[in-house]
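Asker: Per my numbering, the sequence shown starts with residue 233, numbered consecutively.
None of these hints come from the bench; they were simulated from the model. Small disclaimer: the values here were computed from a predicted structure and weren't measured. Where hints are given, some of them may not hold.
What the hints assert, rightly or not - Only pairs whose alpha carbons sit at most 30 Å apart, straight line, appear in this in silico DSBU-like list of lysine-lysine:
no.	residue 1	residue 2
1	Lys251	Lys394
2	Lys260	Lys551
3	Lys529	Lys319
4	Lys529	Lys364
5	Lys339	Lys529
6	Lys477	Lys325
7	Lys325	Lys394
8	Lys477	Lys450
9	Lys325	Lys364
10	Lys251	Lys489
11	Lys529	Lys450
12	Lys319	Lys530
13	Lys251	Lys325
14	Lys251	Lys530
15	Lys339	Lys450
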Amino acid sequence: MTVNFGVLGAGRIGQVHAKAIATVDGAKLVAVADPVEAAAQSVRDAYGCDIRTIDQIADSGDVDAVVICTPTDTHADLIERFCRLGKAVFCEKPIDLSLPRVQACLKVVDDVNGTLMLGFNRRFDPDFRALKAAVDQGRVGRVEQVAITSRDPGLPPADYIKRSGGILRDMTIHDFDIARWLLGEPVDTVQAVGSVLVDPEVGELGDFDTATVLMTTKGGRQCTILNSRRAAYGYDQRIEVFGSKGMVQVDNLHEAKITVAGTDGYRQPPLQDFFMTRYAVAYATEIAEFVEALNAKKEMPATGHDGMMALVLAEAALKSIDEGRQVRVSEILP
Numbered sequence: 233m234t235v236n237f238g239v240l241g242a243g244r245i246g247q248v249h250a251k252a253i254a255t256v257d258g259a260k261l262v263a264v265a266d267p268v269e270a271a272a273q274s275v276r277d278a279y280g281c282d283i284r285t286i287d288q289i290a291d292s293g294d295v296d297a298v299v300i301c302t303p304t305d306t307h308a309d310l311i312e313r314f315c316r317l318g319k320a321v322f323c324e325k326p327i328d329l330s331l332p333r334v335q336a337c338l339k340v341v342d343d344v345n346g347t348l349m350l351g352f353n354r355r356f357d358p359d360f361r362a363l364k365a366a367v368d369q370g371r372v373g374r375v376e377q378v379a380i381t382s383r384d385p386g387l388p389p390a391d392y393i394k395r396s397g398g399i400l401r402d403m404t405i406h407d408f409d410i411a412r413w414l415l416g417e418p419v420d421t422v423q424a425v426g427s428v429l430v431d432p433e434v435g436e437l438g439d440f441d442t443a444t445v446l447m448t449t450k451g452g453r454q455c456t457i458l459n460s461r462r463a464a465y466g467y468d469q470r471i472e473v474f475g476s477k478g479m480v481q482v483d484n485l486h487e488a489k490i491t492v493a494g495t496d497g498y499r500q501p502p503l504q505d506f507f508m509t510r511y512a513v514a515y516a517t518e519i520a521e522f523v524e525a526l527n528a529k530k531e532m533p534a535t536g537h538d539g540m541m542a543l544v545l546a547e548a549a550l551k552s553i554d555e556g557r558q559v560r561v562s563e564i565l566p
């Protein structure tokens with residue numbers, strides 16, 4: 233069955249999802265809503281959909297599902313509204329910056345038997361999935377250490393930083409989700425440090441631009457996360473899983489898969505330098521699997537609970553930085 237979509241928000245990530253919907257079999261973009269007329273028009277012109285308001289999409293009988301790409305502080309309300317209307321919901325992370333608000337939202341979703349998927353796109357990257365498959369097949373043995381490196385090519389605008397919820401809730405949250413996905417055991421402790429090393433303005437805005445997190449599971453498995461808002465060499469996205477029988481890793485993607493050798497050594501093209509190109513396949517795949525799960529009436533591959541637990545780890549990391557100590561997850565979510 234073809235799933236008809238409405239996209240709420242036609243900013244950068246909304247346009248990514250609109251493009252993904254247009255490329256997925258069994259998905260059709262029917263309408264887009266955005267208060268910025270030029271943004272909505274760009275999606276309409278590219279994909280031939282209607283421009284409607286959010287209220288009009290809510291009342292539309294030809295819309296089966298919505299993709300929520302609006303500002304974070306609107307997510308929970310929109311999830312509740314559209315789930316109550318019986319429309320399936322795909323929402324960009326996070327559900328909200330407040331854990332109690334997330335819990336209240338998920339209760340509403342459960343109470344109305346709503347359908348909700350969270351946009352943790354990295355789970356759908358083909359290379360990360362191949363790594364996960366190798367781990368699940370036991371090829372590295374018992375997992376002992378996970379190392380995740382995620383560094384952006386440059387700082388986002390100051391206005392974005394102000395409303396992002398901070399690096400740990402905005403950027404590291406993807407890595408918290410991947411860590412949970414790979415460790416195979418619940419995280420027990422979190423210890424984090426945050427610094428301002430890229431631009432003093434980030435600190436003036438109450439955030440960090442550099443963060444390191446160490447997490448352990450009850451069984452003693454370890455995970456380190458390295459984050460920076462600036463990598464001079466491009467978009468740095470690497471994962472390594474080490475176990476009792478060996479190691480599996482995913483390295484960075486370059487603009488082309490070539491190596492040129494000469495008298496000046498070995499050279500490769502630059503790294504892909506933006507999330508929209510690095511994860512283009514992942515964005516399409518997550519929409520395809522949302523459609524598949526919806527039609528098959530099975531659990532979504534990235535759930536509201538996954539979103540909540542990633543936020544719990546972010547809150548534990550923030551508490552660790554604030555208090556200068558290791559924090560147990562049970563302190564955040566008893």
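Asker: Against this structure, judge whether each hint is valid.
Answerer: For each hint, the structure was consulted:
Under the criterion of a C-alpha separation no larger than 30 Å, the hint pairing Lys251 with Lys394 is consistent with the structure, at around 28 Å. At most 30 Å may separate the alpha-carbon atoms for a hinted pair to count; Lys260 and Lys551 exceed this at roughly 43 Å. Using a Cα cut-off of 30 Å, the hinted pair Lys529 and Lys319 holds, with the two alpha carbons roughly 13 Å apart. Distance check on the hinted pair: Lys529 and Lys364 sit about 24 Å apart at the alpha-carbon level, within 30 Å; holds.
For the hint pairing Lys339 with Lys529, the CA-to-CA distance comes to about 20 Å; that is within 30 Å, so the pair holds. Distance restraint check for Lys477 and Lys325: the Cα-Cα separation of roughly 35 Å exceeds the 30 Å cut-off, and the hinted pair is therefore not satisfied. Only pairs whose Cα atoms come within 30 Å are accepted, and Lys325 paired with Lys394 is accepted, the gap being roughly 17 Å. Straight-line distance between C-alpha atoms of Lys477 and Lys450 comes to about 21 Å, which keeps the hinted pair within the 30 Å bound.
Taken as a hint, the Lys325 and Lys364 pair is honoured in the structure, with Cα atoms around 21 Å apart against an allowance of 30 Å. At roughly 25 Å between alpha-carbon atoms, Lys251 and Lys489 fall within 30 Å of each other, so this suggested pair holds. A C-alpha spacing of about 34 Å is found between Lys529 and Lys450, which places the hinted pair above 30 Å, so the restraint is violated. At most 30 Å may separate the alpha-carbon atoms for a hinted pair to count; Lys319 and Lys530 meet this at roughly 15 Å.
Pair hint Lys251 plus Lys325 holds up; C-alpha atoms about 18 Å apart against a cutoff of 30 Å. Only pairs whose Cα atoms come within 30 Å are accepted, and Lys251 paired with Lys530 is accepted, the gap being roughly 25 Å. Only pairs whose Cα atoms come within 30 Å are accepted, and Lys339 paired with Lys450 is accepted, the gap being roughly 28 Å.
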